[in-house]
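Protein chains in written order, with the working numbering: chain B, 79 to 499; chain X, 79 to 499.
No lab work stands behind these hints: they were computed from the structure.
Among the clues, some could well be false.
Claimed, not checked - Below, computed lysine-lysine pairings styled on DSS-like, alpha-carbon distance capped at 27 Å:
(1) X:K293 x B:K93
(2) B:K265 x X:K300
(3) B:K90 x X:K179
(4) B:K168 x B:K122
(5) B:K300 x X:K275
(6) B:K93 x B:K159
(7) B:K94 x X:K349
(8) B:K265 x B:K120
(9) X:K179 x X:K94
(10) X:K293 x B:K293
These figures come from a predicted structure and were not determined experimentally.
2 protein chains.
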Amino acid sequence: MTTELNLENLAKSAKKASIVMASLSTETKNNALLAVAENINKNKSLILQENQKDLENAKILVEEGKLTQSLFNRLVLNDEKIDVMVQGIKDLVMLEDPVNKTQWAMELDEGLNLYRVSCPIGVIGVIFESRPEVVPQIASLAIKSSNAVILKGGSEANNSNQVLVDIINEALKGVSGFPENAINLIKTRHDVAEMLKMDDYIDLIIPRGSNSLVKHIQSNTKIPVLGHAEGICHVYVDEHADFAKAVKICVDSKIQYPSACNAVETILVHKNIAETFLPVLVKDLQDVGVTVKGDTTVKNIVSNVEAASEEDWSTEYLAPIISIRVVADLDAAIAHIEQYGSHHTDSIVTEHWSHAQRFLREVDSASVMVNASTQFADGFEYGLGAEIGISTDKLHARGPVGLEGLTTQKYVVLGDGSVRA
Amino acid sequence: MTTELNLENLAKSAKKASIVMASLSTETKNNALLAVAENINKNKSLILQENQKDLENAKILVEEGKLTQSLFNRLVLNDEKIDVMVQGIKDLVMLEDPVNKTQWAMELDEGLNLYRVSCPIGVIGVIFESRPEVVPQIASLAIKSSNAVILKGGSEANNSNQVLVDIINEALKGVSGFPENAINLIKTRHDVAEMLKMDDYIDLIIPRGSNSLVKHIQSNTKIPVLGHAEGICHVYVDEHADFAKAVKICVDSKIQYPSACNAVETILVHKNIAETFLPVLVKDLQDVGVTVKGDTTVKNIVSNVEAASEEDWSTEYLAPIISIRVVADLDAAIAHIEQYGSHHTDSIVTEHWSHAQRFLREVDSASVMVNASTQFADGFEYGLGAEIGISTDKLHARGPVGLEGLTTQKYVVLGDGSVRA
């Protein structure tokens with residue numbers, strides 16, 4: 079249905095909805111969240127039935143080699159995943175309303191006061207990949223932050239995404255005061271191209287995917303873009319590292335959840351410890367099933383690893399595969415991260431105070447860590463509650479983006495006939 | 079000299095400088111500011127001499143009708159303006175260092191702490207118009223916020239801009255620890271086009287000028303853009319306005335500084351008060367030399383005004399000219415502002431509580447005001463100290479942008495061998 083609508087009309091209606099949403103009370107928004115959660119819960123079998131259609135189509139694509147098994151797995155919904163969706167929406171009810179919070183205030187003059195107040199961004203376009211769970215997750219964040227959204231999921235999940243959006247909108251219809259057209263779904267690439275032209279109505283585009291997707295979007299729109307690109311994360315094991323901590327952190331940074339964007343892809347090891355440290359590290363990684371690739375120096379020390387090529391340094395494996403490179407010193411490590419990293423999350427393992435400090439200051443990434451696993455970089459771990467993704471851009475919101483990142487600010491001046499002259 | 083350099087090398091060097099700047103102490107940055115202020119003060123006559131060259135060229139352009147007198151006036155430097163420059167730089171020394179401030183912190187686990195810390199953006203490209211005062215103003219904000227900058231001023235001011243950048247860089251050379259290539263000047267349109275391609279090295283572009291300039295930049299770069307477009311600001315005089323306050327606010331919003339972006343361009347008047355209010359308003363505006371344009375309804379009530387055309391509603395006069403339109407109600411006023419405004423600053427004059435509240439919530443502008451002059455929208459008035467401009471974008475920084483708006487954030491995680499599993 080939505081694909082037949084003219085995109086401009088859709089964007090205009092979303093803009094209208096967003097203006098009404100800006101004035102919704104916290105109570106109305108929480109009622110909306112509870113209604114959505116309940117309606118999803120009530121329609122489990124319908125959701126699974128629509129998901130089954132996507133899975134059948136996807137099975138053929140897997141057989142034809144057009145879809146990977148891991149992408150197929152991400153498509154699958156089941157009772158348990160739906161329960162997690164529902165709980166995630168209910169959890170949002172408990173979080174503070176991010177809108178209309180006074181960030182600071184000052185008296186400009188007698189009877190003249192200034193307030194900086196948080197407010198919604200307006201209309202947000204979100205482009206994401208195959209996991210259908212993302213639909214209720216983003217819709218509920220949008221409801222709580224008073225933003226209208228236009229969603230574009232992977233086409234493999236079209237049936238699942240559509241039924242979820244329909245169930246959400248059915249629930250919202252029953253919520254007194256909640257506007258129509260707040261949550262929208264588009265389905266084709268053509269729609270995306272049209273959406274990118276709607277800078278009069280759409281305030282922000284959030285693309286979640288590869289670096290090339292994010293760059294493509296940035297090149298084709300005047301609308302501000304908050305990029306959520308891939309995570310090419312590093313652990314640098316310094317000359318002054320504690321080996322036991324280092325091994326534990328390297329292994330956890332990979333295997334705690336290898337397909338997450340905060341998993342480490344490349345371990346950098348200081349040359350002075352390579353000979354003693356590498357055999358221990360490689361063994362522990364291989365013991366838990368990680369495929370290890372190494373540069374020439376690594377291979378000279380530990381023979382049973384694959385050779386890493388130049389391409390490996392900029393590869394996000396999303397799998398239990400890791401590359402290791404030996405570097406001359408801290409400067410070389412920082413330079414490698416600057417050249418190949420995606421400014422997502424990087425960690426140094428060291429007991430050396432100034433090396434730690436330099437790493438924290440000079441590595442230009444959203445999360446920088448000392449003696450900790452990169453897999454801590456996550457909205458839930460950081461206490462932000464739900465997240466819409468992890469921004470690898472520097473502007474507006476950087477790192478895990480929760481409700482606060484979906485707001486902007488407005489200066490409010492209250493006077494009583496106040497003039498400057 | 080700089081124009082002969084390859085832009086990519088310039089951008090790369092600026093990036094290198096920005097990494098060093100991220101670690102500068104507050105003391106070093108303040109020393110740099112004082113050195114710059116002193117060197118500008120010492121070179122007054124050189125600055126005026128170079129400015130004279132620009133003025134002679136500009137005089138010809140004015141005679142040929144290629145430059146307006148008001149743009150010519152903005153080019154002029156004199157002893158007093160240089161004193162203001164120098165004082166502005168010294169004032170920045172007193173402001174708090176915006177970098178490396180912990181915004182919040184939390185314990186994630188025993189021995190594992192998270193900090194959200196402010197940090198510089200990196201390299202910022204700033205495109206601005208003819209006022210040469212902008213060079214030391216932006217350079218000093220960049221120094222204090224640890225950002226490298228690439229400046230592109232109006233070509234009419236090339237000699238003035240170059241001498242100022244040279245004087246600034248000469249001063250910075252003498253500051254121990256301060257890197258080279260922090261403050262850069264480019265001069266041609268071709269350089270700007272090249273700069274917009276440098277998304278690997280430049281983190282933010284700030285265009286200050288017309289809406290069409292900002293849109294042109296947004297269409298031609300992958301680099302995030304913080305637009306400082308024109309100010310088409312409104313005062314809406316509600317049915318429930320206090321007439322005395324309303325007249326005072328309308329007049330001040332225009333004449334306190336007519337060529338500033340926070341000056342009002344259009345006054346919207348509720349139809350029920352038009353007949354009694356308009357004669358008073360128009361007389362007071364005309365008494366202080368403002369040219370008044372009105373729609374048909376206005377002209378029917380007050381005959382001695384010019385006719386306003388459709389074009390007037392989207393014109394930034396930058397002069398003592400104003401347009402007046404009669405509207406049916408608050409909704410019509412909000413709709414007019416949404417259609418023609420530039421989301422900069424808009425004010426309602428009313429004694430009606432809910433009307434004020436609705437205006438504050440529903441008008442989607444950086445500054446929204448009740449019973450106050452639009453000319454309060456200004457970084458100094460808002461207590462931000464110096465400002466790099468007033469953002470009409472919603473993302474990152476909105477409204478007057480001071481030192482805080484020139485920073486981003488970074489999550490710092492300090493552990494002791496901490497893993498998630």
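Quick rundown of the hints versus the structure:
Between X:K293 and B:K93 the CA atoms are separated by roughly 20 Å; this keeps the pair inside 27 Å, and the hint holds. At most 27 Å may separate the alpha-carbon atoms for a hinted pair to count; B:K265 and X:K300 meet this at roughly 25 Å. For the hint linking B:K90 to X:K179, the alpha-carbon distance of about 40 Å lies beyond 27 Å, and the restraint is violated. Annotation: proposed proximity of B:K168 to B:K122 holds, straight-line Cα distance about 16 Å (limit 27 Å).
A C-alpha spacing of about 15 Å is found between B:K300 and X:K275, which places the hinted pair at or below 27 Å, so the restraint holds. Only pairs whose Cα atoms come within 27 Å are accepted, and B:K93 paired with B:K159 is rejected, the gap being roughly 32 Å. Of the pairs offered as hints, the one joining B:K94 and X:K349 holds, with about 25 Å between alpha carbons and a cut-off of 27 Å not exceeded. Using a Cα cut-off of 27 Å, the hinted pair B:K265 and B:K120 holds, with the two alpha carbons roughly 25 Å apart.
For the suggested pair X:K179 and X:K94, the alpha carbons sit about 22 Å apart, so the restraint of at most 27 Å is met. Between X:K293 and B:K293, the direct Cα distance comes to roughly 18 Å. Compliance with the 27 Å bound is thereby established for this hinted pair.
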